[in-house]
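Trainee: In this note's numbering, each number is its position in the sequence shown, counted from 1, plus 13.
Just the calculated beta-carbon pair ranges, DEER-fashion:
no., residue 1, residue 2, range
1, 281, 243, 18 to 26 Å
2, 216, 248, 17 to 25 Å
3, 76, 152, 52 to 60 Å
4, 185, 133, 24 to 32 Å
5, 190, 354, 44 to 52 Å
6, 135, 320, 28 to 36 Å
7, 281, 239, 21 to 29 Å
8, 220, 360, 41 to 49 Å
9, 196, 133, 28 to 36 Å
10, 317, 228, 22 to 30 Å
11, 281, 334, 23 to 31 Å
12, 177, 377, 53 to 61 Å
13, 324, 143, 28 to 36 Å
14, 185, 216, 41 to 49 Å
Hints were generated in silico from the structure; no laboratory data involved.
In this text, a Cβ means the ideal position worked out from N, Cα and C, and glycines have one as well.
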Amino acid sequence: MKWSHDLGIQKMASVIARAKRVYREEGGRSFLRKGWGFALRKFFTHVVWNVLPKNETLRFISRSRILTMLYFFLTGTFYREQRAVLCGLAEYHELEEQREAPRHRIIRNVHRIEKGLSMRDRRPVFAESYIGEVVGDLVMAWDPETDDEQLRWAVDVVSEYFEVVDRTNPISEAESEFTGFLSEIEYSPGNRVPFPRRDLGETPVSPEAMAELAVRRTSTRWFEQRDVPREKVDEALEVAIQSPSACNRQSYEYRLYDDPELIDEIASLAIGASGYKDNIPCLAVIVGKQRAYFNDRDKHVIYIDASLSAMAFQFALETQGLASCCINWPAIPRNEKRMEELLDLDCDESVVMLMAVGYPDPDGMIPQSEKKRIELIRSYNNI
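Please work from the sequences and hints to get the whole structure.
Mentor: What follows is the structure in structure tokens.
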């Protein structure tokens with residue numbers, strides 16, 4: 014009993030001590046200015062949460078939808094992601110209502126048509142419900158002053174579609190509009206359409222060479238202090254943008270920095286870079302954009318697509334004699350807010366990760382980072 018009593022006193026003392034520390038750090042005026050919600054979150058995350066038995070408490074909370082929502086409201090870790098999703102949906106639908114440059118809708122729908130054209134036992138009629146929208150969007154988005162390869166690809170695919178599909182009233186109406194559109198632009202449809210896999214020929218990379226490249230790619234934190242040629246970075250990015258992307262929308266951006274002052278300011282916000290940020294000659298901030306998606310079911314796509322491209326980017330950098338290191342970007346609300354302000358991010362934009370890039374210092378140490386055995390990450394037919 015005495016032990017339990019003493020433990021209770023210790024916990025109470027810990028609560029009081031943490032409350033005092035939070036009060037000193039934030040100040041009374043800060044609490045009053047930011048309101049009770051802010052004060053409650055601070056008290057929960059910095060005081061109460063630190064004296065509760067975490068494993069039992071988390072399991073208890075996870076069994077209740079309401080308590081789970083309350084937990085994340087108090088911690089605030091999902092707030093910016095939720096806001097980004099809502100802002101992205103708002104922007105998508107706003108552009109759709111205004112019928113202004115519906116870029117992501119064109120890409121998605123043309124990709125759907127491509128998949129239809131690629132199907133075995135293809136249906137004689139498909140895409141009937143949205144082909145009119147595709148043609149209307151193309152007419153609106155076409156700019157004769159620019160050489161937009163994606164729009165030309167879209168024209169090629171739609172032209173091929175009308176070559177093979179059976180006619181219905183909606184399809185005939187869309188074809189009539191498309192034919193008129195073609196007569197007014199200085200472009201003849203080309204061959205950027207689905208093709209047999211055999212046309213790719215044999216792979217130019219052997220399994221052994223691929224495995225060697227994968228092993229060679231290591232998280233490198235020590236670089237030679239010389240400039241990274243932008244053309245080499247661009248060549249690596251040309252490889253990265255060939256990565257898979259949900260409906261080919263590629264809703265991410267590589268923000269690159271080679272100004273030492275900017276690198277220092279940005280990298281200072283990434284807690285994982287504190288020990289070597291002064292050694293980074295080039296820094297990439299990979300930003301996802303939720304504006305490409307019309308439904309919140311796609312909220313994770315920015316992380317998937319950006320990460321797929323990041324891996325290809327790293328492999329391509331290695332072939333240029335450059336090394337890299339992914340820098341984790343954890344969901345720390347204060348740092349997220351500062352990064353948002355520093356990079357002037359739109360409200361639908363979220364940082365996925367940072368990446369250090371440079372010529373590796375041959376004398377710099379790199380971690381061994383032994384990987385898991387394949388048996389620990391692979392299973393077949395496991396349900």
